[in-house]
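A.B. asks: Residue strings, one per chain:
There are 2 protein chains.
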Amino acid sequence: MTNKVTPWEVKGDVNYEKLVKEFGLLPIKDLPNVFRENVLFRRKIVFAHRDIQKIMDTAKKKKKFVMMTGLMPTGKFHIGHMILAQQFVFYQKLGAKIYIAVADIEAYHARGQSLGESRKIAMEEYLPAYIALGLKPKNVEFYFQSDRSKDSVKANSYYRLQNLLAKHATFNEFKAVYGEIGPGKMIAALLQAVDMLHPQLSEFEGKYPVLVPVGIDQDPHIRLARDIANRYKLNDFTQLSSTYHLFLPGLRGGKMSASEPNTFIAVTDSPEVVKKKINKYAFSGGQPTLEEHRKKGGNPDVDVSFQYLKMFFEPDDKKLNDIEKKYKSGEMTTGELKSFTIEKINSFLKVYQKKKKLAEKEIDKFIK
Amino acid sequence: MTNKVTPWEVKGDVNYEKLVKEFGLLPIKDLPNVFRENVLFRRKIVFAHRDIQKIMDTAKKKKKFVMMTGLMPTGKFHIGHMILAQQFVFYQKLGAKIYIAVADIEAYHARGQSLGESRKIAMEEYLPAYIALGLKPKNVEFYFQSDRSKDSVKANSYYRLQNLLAKHATFNEFKAVYGEIGPGKMIAALLQAVDMLHPQLSEFEGKYPVLVPVGIDQDPHIRLARDIANRYKLNDFTQLSSTYHLFLPGLRGGKMSASEPNTFIAVTDSPEVVKKKINKYAFSGGQPTLEEHRKKGGNPDVDVSFQYLKMFFEPDDKKLNDIEKKYKSGEMTTGELKSFTIEKINSFLKVYQKKKKLAEKEIDKFIK
Numbered sequence: 001m002t003n004k005v006t007p008w009e010v011k012g013d014v015n016y017e018k019l020v021k022e023f024g025l026l027p028i029k030d031l032p033n034v035f036r037e038n039v040l041f042r043r044k045i046v047f048a049h050r051d052i053q054k055i056m057d058t059a060k061k062k063k064k065f066v067m068m069t070g071l072m073p074t075g076k077f078h079i080g081h082m083i084l085a086q087q088f089v090f091y092q093k094l095g096a097k098i099y100i101a102v103a104d105i106e107a108y109h110a111r112g113q114s115l116g117e118s119r120k121i122a123m124e125e126y127l128p129a130y131i132a133l134g135l136k137p138k139n140v141e142f143y144f145q146s147d148r149s150k151d152s153v154k155a156n157s158y159y160r161l162q163n164l165l166a167k168h169a170t171f172n173e174f175k176a177v178y179g180e181i182g183p184g185k186m187i188a189a190l191l192q193a194v195d196m197l198h199p200q201l202s203e204f205e206g207k208y209p210v211l212v213p214v215g216i217d218q219d220p221h222i223r224l225a226r227d228i229a230n231r232y233k234l235n236d237f238t239q240l241s242s243t244y245h246l247f248l249p250g251l252r253g254g255k256m257s258a259s260e261p262n263t264f265i266a267v268t269d270s271p272e273v274v275k276k277k278i279n280k281y282a283f284s285g286g287q288p289t290l291e292e293h294r295k296k297g298g299n300p301d302v303d304v305s306f307q308y309l310k311m312f313f314e315p316d317d318k319k320l321n322d323i324e325k326k327y328k329s330g331e332m333t334t335g336e337l338k339s340f341t342i343e344k345i346n347s348f349l350k351v352y353q354k355k356k357k358l359a360e361k362e363i364d365k366f367i368k
Numbered sequence: 001m002t003n004k005v006t007p008w009e010v011k012g013d014v015n016y017e018k019l020v021k022e023f024g025l026l027p028i029k030d031l032p033n034v035f036r037e038n039v040l041f042r043r044k045i046v047f048a049h050r051d052i053q054k055i056m057d058t059a060k061k062k063k064k065f066v067m068m069t070g071l072m073p074t075g076k077f078h079i080g081h082m083i084l085a086q087q088f089v090f091y092q093k094l095g096a097k098i099y100i101a102v103a104d105i106e107a108y109h110a111r112g113q114s115l116g117e118s119r120k121i122a123m124e125e126y127l128p129a130y131i132a133l134g135l136k137p138k139n140v141e142f143y144f145q146s147d148r149s150k151d152s153v154k155a156n157s158y159y160r161l162q163n164l165l166a167k168h169a170t171f172n173e174f175k176a177v178y179g180e181i182g183p184g185k186m187i188a189a190l191l192q193a194v195d196m197l198h199p200q201l202s203e204f205e206g207k208y209p210v211l212v213p214v215g216i217d218q219d220p221h222i223r224l225a226r227d228i229a230n231r232y233k234l235n236d237f238t239q240l241s242s243t244y245h246l247f248l249p250g251l252r253g254g255k256m257s258a259s260e261p262n263t264f265i266a267v268t269d270s271p272e273v274v275k276k277k278i279n280k281y282a283f284s285g286g287q288p289t290l291e292e293h294r295k296k297g298g299n300p301d302v303d304v305s306f307q308y309l310k311m312f313f314e315p316d317d318k319k320l321n322d323i324e325k326k327y328k329s330g331e332m333t334t335g336e337l338k339s340f341t342i343e344k345i346n347s348f349l350k351v352y353q354k355k356k357k358l359a360e361k362e363i364d365k366f367i368k
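In order, the protein sequence lines correspond to chains Y and G.
All the letters of the first sequence, read from the start, carry residue numbers 1 to 368 under this note's numbering.
All the letters of the second sequence, read from the start, carry residue numbers 1 to 368 under this note's numbering.
Just so you know, the hints here were simulated from the structure itself, not pulled from any lab data.
There is no bait here: all hints are sound.
One copy or two, it doesn't matter: identical chains are merged, so the pair holds either way.
Once the Cα atoms are required to be at most 30 Å apart in a straight line, the calculated BS3-like pairs of lysine-lysine come out as:
{"hint": "1", "residue 1": "LYS207", "residue 2": "LYS120"}
{"hint": "2", "residue 1": "LYS150", "residue 2": "LYS138"}
{"hint": "3", "residue 1": "LYS120", "residue 2": "LYS356"}
{"hint": "4", "residue 1": "LYS76", "residue 2": "LYS233"}
The following block holds chain Y by itself, in its conformation from the complex:
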C-alpha cells in the first residue's frame, strides 16, 4: 500500500508518510521468515517501527521478550480492534510474555467513564474477544490500571514507578500527548508510560526487550515513555521497541468510530446486518456504471471491501492477488467484490461468535 491520502486514514489531514517522517519512525523491511509468514507484516499492515530489530533478533534466538499493549474499554469491540489482537496472539505464539493493560484510569480522565463501566466492558467485550482470537492464559498479565495485581509486591512497585517517573518529565511533554492537559490527563499519560516500562522492573520480568505495537496515533505515548526511560537512572531499562499498524478503514472511509455504528462492523453483527452494512455503506473503488467499470476497472486501493479482505479476511495471498487483478481489470464488479467480502466476513464471524461464547468460561484464567 502506498502512503497517499486515502479514505481509511484517521482524519482528512493525516498522512502516514508524513507522520512516519515527522515522528522519526522507520519503515519495516528485511523481515525474518517467522514475521513474513504473518499476513500483517507481509502486507505491510504493520508498516513502521522503532527498534524492532531487537525484538526480531530476540525472537529468532527464541529468547525472552515482552509484548505490552493496552485497551481503552470504551464502546463496542469491532473488527478494527482485531488488527491489534491478531498481533498479540502472534507474539504469544512466538514465545513472548504478554502484558495487557485495561486503561480504565485513562478512560476516567479522557472520557469520564467510571471504573465499573470500564471493567464491565473489558470483561464482557474485550477479553472474550481476545480469547476467541486465540489468546491463551499462559504467560499473560491481563490487568487494570486501577487494580494492578493481587500480589502486593507487584502492585506497590507498579505505582511506585509512577510516583518516581514523574520527576523525569515536563508539563510540555505531557501536553504533547493530549494537546491540552490538566492534572488528570497528566497522571493518565504518566501511567501509560509506567504500563510500558514496568515489565522490566525486577518485581515483574526484569530487563528484557519490550515491544509495544500501536496505531500510529499512539506514538506520542511511546515517545514520552522512551524519553522518560532515557532520563530515569533508578532502573536500567532496555529501550522500548514499537510497531505501527494502519487503521482498518471505517465503512465509509475515515477511522472506525465505536460511537458511530454505521462506520464499523461489530463482532456481534448478524449476517443480515453485515450484508446491509457492506452493501449500503462500504466505500467502493468501482466505476459509476457497469459499462465504465468493465472498461476502466476498479481501484482496490480505495475500496473498503478490498481493504477488509487484504487487512484481515483473506489471508491467502494467491486468492487476494487474483481478486485484485480481476477488480482492477473490471472483470470483477463492485457487487461481486462486496458479495465475496460479505461471505468472508460472515463465515469468519460465525466461527468467531461460537468461540467467543466458549471464551466466556475461560475468563477467570486470565485474572490473577
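Fit chain G to the given chain Y structure using the hints.
C.D. replies: Just chain G, lined up with the frame of chain Y:
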C-alpha cells in the same frame, strides 16, 4: 502565648496571628477536660484548628476516629519533632487509630533523597523515637508512600485514589503548595492528599473523622486535600479536621533546622553537648548586666530556654509559673534559668535514650 513576632517563628516574616486569619483557621477554645489535661493544648502550643469540634465530640463519646500524620525523613530527629510525636501518643491513648506516612516520595521530589536513604532514616531515627515517646504498635498503620501495604487490596486502593483524585484539582492548586512545581512535585502533593483521605476508604477504616495535626506551614497541604475532598464524588468523605502547633524555637530563635546542628538539640546529644548548646547558643530574654536584670527582670516570652520548658520539658504548671514569675521579676538570672533547663533536658534525654535503645527491638511490630 501571644501571637506577636518572636524569635521562634519560622521566618522573620511569619506571623502566627496573620496566618491564622489568612488561612481561615480558628483559635482553639472550650477544651474538653481530656484535652485540657494535655500540656500542649492547655498552654496553647496547639493553638489553632479546622473542624476540631468533630474530633473532640467523637473522643468524648469514646467513638472511633483516625489521627493521620506524616514524616519527611530528612536529617536528624530533634526535640522539635517531639511536639508532633507527643500529639499522636496522646491521640492513641484517647483511642484513635494512628496512621503515620513516611513521605519518601515527597523527599524524592522535594529533596532528591533516595527511597533507600529515606527508609533507613525513618527506621533508625524516627520510628524508634516514636516508640520511646510512647507509641504502641496496636492500632497503628506505619507505612511508606512508596510501599503502602503488604495487603494488595489496600495497596491498589491507596494508589487508585491518587490516580482518580488527579481529575479534581488544578495545576494552580498544586502551585499553592510548593510555589513552583513540575510533574514530580505535583504528584507528591497529590499523594499527600491521598495520605490524608485514604483512611476513609472502605478498604481501610471507612467513613470516620480524620484529624491531621501539623505545623502551620503545612496548611496548604490541608487546604488542597479538603478542596479535593469536596469535589470528589466517588467517595463520601467526612471533611478533614486539622490542628496547628507552634514551632519549637531553634536555639538562636527562628526555626530549628535539621541541617544546622547549632540550631537544635538532637535527641542523641550528650549531657555535655546539651550544656554547651544551651549556654552558648540559647537566645536569652535576660538583661545585659546582672544589675540591670535584677532591676528590670527578664522576658520569658522571647527566652528560648523558658520556651523549651513551657513547650516540652516542664509539664508542671505550678513550677513553670513560679519560674516565669521569678525570671520576670529578676529574682532568677539567665544563668540559673539555663542551668535548670539543661538539667531538665538532660534528665529527659537520659530516660529517653534508654527507651530508644529498647525501642529498636520493637520496630518489627510496626511493619505490617
